[in-house]
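Protein chains in written order, with this note's numbering: chain A, 292 to 516; chain X, 367 to 541.
Treat the hints with care, as some may be off.
[To be verified] Over 12 Å on every C-beta distance to chain A, these chain X residues come out as not near it, computed from the model:
| no. | residue |
| --- | --- |
| 1 | Met389 |
| 2 | Asp419 |
| 3 | Thr434 |
| 4 | Ala511 |
| 5 | Ser515 |
| 6 | Glu518 |
[Said to hold, decoys possible] Where chain A lies over chain X, by a calculated footprint (3+ residues, C-beta under 8 Å):
| no. | stretch |
| --- | --- |
| 7 | 374–386 |
| 8 | 437–447 |
| 9 | 496–506 |
[Said to hold, decoys possible] List of simulated lysine-lysine pairs, DSBU-like, C-alpha gap at most 35 Å:
| no. | chain 1 | residue 1 | chain 2 | residue 2 |
| --- | --- | --- | --- | --- |
| 10 | A | Lys338 | X | Lys492 |
| 11 | X | Lys413 | A | Lys338 |
| 12 | X | Lys484 | X | Lys508 |
Source of the hints: derived by calculation from the structure; they are not laboratory data.
Note that CB positions come from ideal geometry on N, CA and C, so glycine has one too.
Chain by chain, the residues:
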Amino acid sequence: MSVSDDIKEQKFDAMLKPALYEQMIQEMERQEVPEEKHPFSKSFDRKMNRLIRKAEAEENRYRSVKAWAAVIVAAVVALGVLTMSVEAIRVPIWNLFMGEEYSVIDFGRKKEVIEIPEAYEAYAPGYVVTGYELVYAYEDTENCFLQYNSVDGQEYAITIYKENTRTAFDTEAGEISETRIGERDVLMVEKDGRIWVNFTAQNVGYIIEGSVDLTEMEKILNSIE
Amino acid sequence: MMLFNTEKRAKFKNLYETYRDYMYWISYDIIKNEQDAEDCVHNSFIKVSKILDKLDLQKPDGTKMFLTIIARNTAIDFYRKKKKMQDWEEIDKVEDIIDWKQVEENIIDQYNYQRLIKAIDNLPEKFSDVLRLRYIFELSAKQIAVQLSSSETSVYSRICRAKQLLLEELEKEKD
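Here chain A stands alone, though its shape is the one from the complex (with noise of 0.2 Å):
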């Protein structure tokens, strides 16, 4: 059909509904219907009755399908997290759907990676404890802080002076010795089972503290370049 017959079409359709409805008023009252009421019959009524209850009755089965769905799907998604919360389930039931051998999955909050600050790279020490990792890393105009933990609590703690800025911490009832270790001279001090070590490597100041022994820190202080 072309377009000038799609008009011609549309012209008579826009027409038509008007003229039908207008036909059908005068139809209608042209239509000589009783207005007396009819007695119907009580089979006529039953049967209407029963119509409506019919859908009375299928609208409460419908709502009481769709409860009752509802509950089972609560209790399918609350079985769910339960069941992955196990890891014993959680591991195997991932390895199975993703195809690869996982020991541990962990759906906790994604890992922040610390790392040291760029500036600082070349003067943090390369060794860190076995069992410790970073944990906190801070820069500021005349220093770097960097702080490393284990899985049992323990800690030590590295700042670096780049300027070689001497800083003070508390000797205070500790005792202070001058002595070397490894291949450093250094200053120490021993307090409540904690130590400081404080040096100089290449005009870079480094004060070392935490709870590692001495062969721990002598591996630190021999990974500083």
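Got chain A sorted already, so can you dock chain X onto it with the hints?
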């Protein structure tokens, strides 16, 4: 069953109480039997329940018109089945599509609104009813088929034939 919620059921009850007598008399006028006329009213309301959202009770003329069409067609269908008359399905052949190219521009240009109403008046009811359901109540062919206990093909065919008849009538009037 489409009376699925309280609101629809209330609307349906309202329609039933307002128009059941009217629909009875429309049906009785065709069937001439009380029991059968009641059955037709029952069947008509079942059809109406499927299309309730198309009816606006705030427009009583339109509502009454629609119920008249449904009641009348249900009664005619009932009557034919009872008399074992030939089904309109067999009569409704696939009509030729209107060749709009043949429709002279001047038929529509000279379109006299009153002449169109007169042409609709002269149409057999089976054609005018299907046009009303299509253009006034904006039912789809499928919905019309359900209401008139017919098939979609037959509905399309009747709409086409109805428009053809109207155009032929207008052409005669012009002459």
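Hints, verified against the model:
1. Met389: violated (10 Å)
2. Asp419: Since the minimum Cβ distance to chain A is about 15 Å, Asp419/X lies beyond 12 Å and the statement holds.
3. Thr434: Non-interface label fails for Thr434/X: nearest chain A Cβ at 7 Å, not farther than 12 Å.
4. Ala511: Given that every Cβ of chain A is farther than 12 Å from that of Ala511/X, nearest at about 19 Å, it holds.
5. Ser515: With a cut-off of 12 Å, Ser515/X remains clear of chain A, as the shortest Cβ separation is near 18 Å.
6. Glu518: holds (19 Å)
7. 374–386: Check passed, 5 qualifying residues.
8. 437–447: Check failed, 0 qualifying residues.
9. 496–506: holds (count 4)
10. Lys338/A with Lys492/X: Answer holds: Lys338/A to Lys492/X is near 29 Å, not above 35 Å.
11. Lys413/X with Lys338/A: holds (14 Å)
12. Lys484/X with Lys508/X: holds (28 Å)
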